[in-house]
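Participant: In case you want the letters, here they are:
2 protein chains.
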Amino acid sequence: MITVNVELGDRAYPIHIGSGLIGQTELFAPHIAGKSVTIVTNTVVDPLYGETLRAALAPLGKDVSTVVLPDGEAYKNWETLNQIFDALLTARADRKTTLIALGGGVTGDMTGFAAACYMRGVPFIQVPTTLLSQVDSSVGGKTGINHPLGKNMIGAFYQPQAVIADIGALATLPERELAAGVAEVIKTGAIADAEFFDWIEANVESLNRCEPAALAHAVKRSCEIKASVVAADEREGGLRAILNFGHTFGHAIEAGLGYGEWLHGEAVGCGMVMAADLSVRVGMLDEASRARLVRVVEAAKLPVRAPALGAHRYVELMQVDKKAEGGAIKFILLKRFGETHIGRAPDEAVQATLAASVASPGTPG
Amino acid sequence: MITVNVELGDRAYPIHIGSGLIGQTELFAPHIAGKSVTIVTNTVVDPLYGETLRAALAPLGKDVSTVVLPDGEAYKNWETLNQIFDALLTARADRKTTLIALGGGVTGDMTGFAAACYMRGVPFIQVPTTLLSQVDSSVGGKTGINHPLGKNMIGAFYQPQAVIADIGALATLPERELAAGVAEVIKTGAIADAEFFDWIEANVESLNRCEPAALAHAVKRSCEIKASVVAADEREGGLRAILNFGHTFGHAIEAGLGYGEWLHGEAVGCGMVMAADLSVRVGMLDEASRARLVRVVEAAKLPVRAPALGAHRYVELMQVDKKAEGGAIKFILLKRFGETHIGRAPDEAVQATLAASVASPGTPG
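Protein sequences, first through last, are from chains A and B.
So for the first sequence, our numbering puts the first residue at 9; every next one is plus one.
So for the second sequence, our numbering puts the first residue at 9; every next one is plus one.
What the hints contain is simulated information worked out from the structure, not anything from laboratory work.
One should not assume that every hint holds.
Identical copies look the same in the list; a pair holds intra-copy or inter-copy alike.
Pairs of lysine to aspartate or glutamate, DMTMM-like flavour, derived with a Cα cap of 20 Å [said to hold, decoys possible]:
(1) Lys309 x Glu34
(2) Lys104 x Glu185
(3) Lys104 x Glu333
(4) Lys228 x Asp18
(5) Lys343 x Asp18
(6) Lys228 x Glu213
(7) Lys331 x Glu306
(8) Lys70 x Asp241
(9) Lys43 x Glu295
(10) Lys228 x Asp201
(11) Lys70 x Glu333
(12) Lys309 x Glu59
(13) Lys104 x Glu324
(14) Lys104 x Asp206
(15) Lys104 x Asp241
(16) Lys43 x Glu333
(17) Lys309 x Glu356
(18) Lys228 x Glu185
(19) Lys70 x Glu213
(20) Lys331 x Glu87
Keep in mind that this is a model prediction, so the values were computed, not measured.
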């Protein structure tokens with residue numbers, strides 16, 4: 009087991025990474041202070057790991073209940089969130105009840121937001137079971153739900169007590185979801201660590217094959233990078249925005265197609281290709297680096313061709329992005345692997361990227 | 009104008025108290041950094057003070073929009089909250105958009121919670137227009153909405169940029185709502201300042217008559233006391249719970265009758281009488297003090313007789329109170345004016361209080 013610490017003062021917490029962690033009582037024990045625990049999971053994950061987790065909690069003598077939500081980004085909304093509140097209130101959960109998110113990013117984001125809001129805040133533990141949530145969404149305290157007009161528009165910054173990332177859980181992950189997780193791994197390397205990007209390039213096939221050693225390294229390095237960025241800028245005043253590389257275009261794809269059509273990681277994969285295209289057009293990135301990024305995204309079995317939503321619709325959706333200010337879209341652009349630039353881009357360049365990405369993403373300009 | 013400062017480090021903010029403040033541009037100017045402002049108000053308050061506020065904001069050159077919600081505690085729910093989110097997203101409000109809550113406690117609590125959650129947090133200003141919200145709910149950062157199973161169950165601790173309490177706005181307040189505000193003034197004196205309690209006893213008629221000087225003193229002293237309690241315990245780890253004197257019974261009354269049937273302050277008025285009765289029964293408070301409290305509550309034209317919900321239902325509702333832990337109800341009891349005790353109470357005493365309060369609240373035992 010490897011442990012990465014997220015240094016956030018009195019909100020600091022550990023990320024434990026390894027195989028078979030869901031069953032280890034001693035990892036949960038230090039983080040459950042009250043008398044009751046509510047596990048929040050979904051219809052896919054509960055049959056796979058619910059019993060293992062409940063068995064791990066049993067020796068602690070807590071009152072354990074489970075809420076099973078429908079699976080998928082399409083359910084990341086108020087109605088599903090309210091199922092958690094209903095269950096907590098029906099079970100008479102109090103301010104010391106610990107919530108445990110057992111599942112992917114949607115489960116983690118909704119459970120974290122429920123924990124942030126229930127009685128104005130109760131403790132929670134993240135047990136991410138997808139690669140995407142292990143490398144990204146379970147780290148950093150961003151929680152929330154979607155609104156028909158925008159992704160993650162309603163939410164809170166709220167840190168967990170601990171993240172327990174069981175690499176073993178990735179064995180049951182569908183290929184498409186594994187690829188979606190690799191997208192965030194690629195992103196992390198691209199924005200922050202050229203050496204890690206090289207490693208991903210060399211090991212993308214091992215990740216595709218779900219090799220534990222490769223996955224463990226990818227999760228560890230991604231968490232380390234994300235933890236250091238979050239520690240420096242918890243509430244996204246500046247630096248943290250670099251983690252949104254590929255997300256400005258990606259969120260527009262997700263919202264434009266309807267949440268759940270593309271997986272978040274798929275949209276980010278394609279969004280990175282688009283952001284790299286834009287970076288070349290504004291003269292920041294060299295063509296060879298762009299081509300390398302496209303090849304890695306393709307090798308990870310992620311889409312590199314954007315859906316044809318229409319340029320007007322793309323711009324409209326990007327204007328409601330949380331990074332936008334007064335309607336001006338802020339892009340995370342790449343200067344080279346490991347270095348980004350945050351700023352606006354000329355409309356012509358954005359239009360050209362949109363045209364090229366939809367038509368033929370591999371050959372911009 | 010008097011200013012009380014709430015000392016919360018980097019979340020500190022001023023409470024300005026005086027007549028005619030809603031129209032003063034310079035009070036708003038320092039707290040609006042972005043390009044746009046969304047006023048959240050309701051169908052009763054907007055026709056009274058909406059134009060005055062918009063005129064005050066006009067010289068600042070901001071993009072100002074207004075969301076008008078239905079009026080009343082019955083609407084303090086997710087559906088109404090979502091009207092704010094819809095309006096913000098439709099207006100393309102960004103992370104620097106300032107929300108202004110113009111109205112009573114319901115408007116302030118919902119606007120504050122919307123500000124806490126919209127894009128994971130935008131700035132907001134409280135402009136409370138009821139006595140209740142001026143002395144209580146606009147101060148301290150508690151925000152939230154009700155759930156059918158409990159009041160304020162979903163919410164956040166989130167501090168405003170400033171509170172602008174215009175005493176002049178109280179002139180249009182219905183008598184019943186004024187009395188509801190006096191309930192929280194009485195509570196503040198009872199729990200924290202015997203001298204202030206004496207002053208309230210002597211001036212309750214002036215408050216009933218809405219005399220500006222009396223109101224200004226009541227608001228100032230209540231805010232000072234609440235601000236010092238909140239500064240010592242922002243997230244209700246301990247001391248802050250004393251502010252819930254009368255609220256354990258009061259919340260049960262509100263939830264049991266259905267939100268909106270009794271005003272919050274009315275329920276608190278009756279709840280204080282019940283809490284004082286319980287305090288006498290457990291041997292903490294002397295009978296003379298209890299009788300004084302009942303007389304002041306009555307003089308403020310507040311109910312002192314509890315609705316007949318049935319003792320079982322009262323206990324059930326109090327067990328989901330946010331202060332309860334593992335089903336054990338925590339009561340805020342009075343030892344003497346200015347001194348409280350937080351703890352459990354024997355079931356027999358609680359049952360006796362419930363029986364006496366419903367039957368004949370003036371004569372316990």
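Participant: Next, verify each hint and record whether it holds.
Facilitator: Status of each hint after checking the structure:
Taking the shortest Cα distances, lysine 309 and glutamate 34 never come within 20 Å of each other, neither inside one copy (37 Å) nor across copies (57 Å). When the C-alpha separation of lysine 104 and glutamate 185 is checked against a cutoff of 20 Å, the pair qualifies neither within a copy, at 34 Å, nor between copies, at 35 Å. For a Cα distance limit of 20 Å, the shortest separation of lysine 104 from glutamate 333 across copies, 7 Å, qualifies, whereas the shortest one inside one copy, 38 Å, does not. For the homomeric pair lysine 228 and aspartate 18, neither the shortest alpha-carbon distance inside one copy (23 Å) nor that between copies (34 Å) is at most 20 Å.
Taking the closest pair of Cα atoms, lysine 343 and aspartate 18 never come within 20 Å of each other, the shortest separation being 35 Å inside a single copy and 35 Å across copies. Proximity of lysine 228 and glutamate 213 under a CA criterion of 20 Å is satisfied intra-copy only: 18 Å inside one chain copy versus 68 Å between copies. For the homomeric pair lysine 331 and glutamate 306, neither the shortest alpha-carbon distance inside one copy (27 Å) nor that between copies (54 Å) is at most 20 Å. Taking identical chains as interchangeable, the C-alpha atoms of lysine 70 and aspartate 241 are never at most 20 Å apart, the minima being 35 Å within one chain and 29 Å between chains.
For the identical chains of this complex, lysine 43 and glutamate 295 are neighbours neither inside a copy (58 Å) nor across copies (38 Å), given an alpha-carbon limit of 20 Å. Proximity of lysine 228 to aspartate 201 under the C-alpha cut-off of 20 Å is restricted to the intra-copy arrangement: shortest distance 13 Å within a copy versus 55 Å between copies. Taking the shortest Cα distances, lysine 70 and glutamate 333 sit within 20 Å of each other only across copies (14 Å), while inside one copy they are farther apart (46 Å). Taking the closest pair of Cα atoms, lysine 309 and glutamate 59 never come within 20 Å of each other, the shortest separation being 32 Å inside a single copy and 57 Å across copies.
Taking the shortest Cα distances, lysine 104 and glutamate 324 sit within 20 Å of each other only across copies (19 Å), while inside one copy they are farther apart (43 Å). Neither within a single protomer nor between protomers do lysine 104 and aspartate 206 lie at most 20 Å apart by alpha-carbon distance, with minima of 45 Å and 38 Å respectively. Taking CA atoms no more than 20 Å apart as the test, lysine 104 paired with aspartate 241 passes between copies only; the shortest distance there is 17 Å, against 28 Å inside one copy. Within a single copy, lysine 43 and glutamate 333 get their C-alpha atoms only as close as 44 Å, which misses the 20 Å cut-off; across copies the closest is 9 Å, which meets it.
Within a single copy, lysine 309 and glutamate 356 get their C-alpha atoms no closer than 30 Å, and across copies no closer than 68 Å, so neither meets the 20 Å cut-off. In this assembly of identical chains, lysine 228 and glutamate 185 lie within 20 Å of each other by CA distance solely inside one copy; the values are 19 Å within and 58 Å between copies. Within a single copy, lysine 70 and glutamate 213 get their C-alpha atoms no closer than 43 Å, and across copies no closer than 53 Å, so neither meets the 20 Å cut-off. In this assembly of identical chains, the alpha carbons of lysine 331 and glutamate 87 never lie at most 20 Å apart, being 26 Å within a copy and 26 Å across copies at closest.
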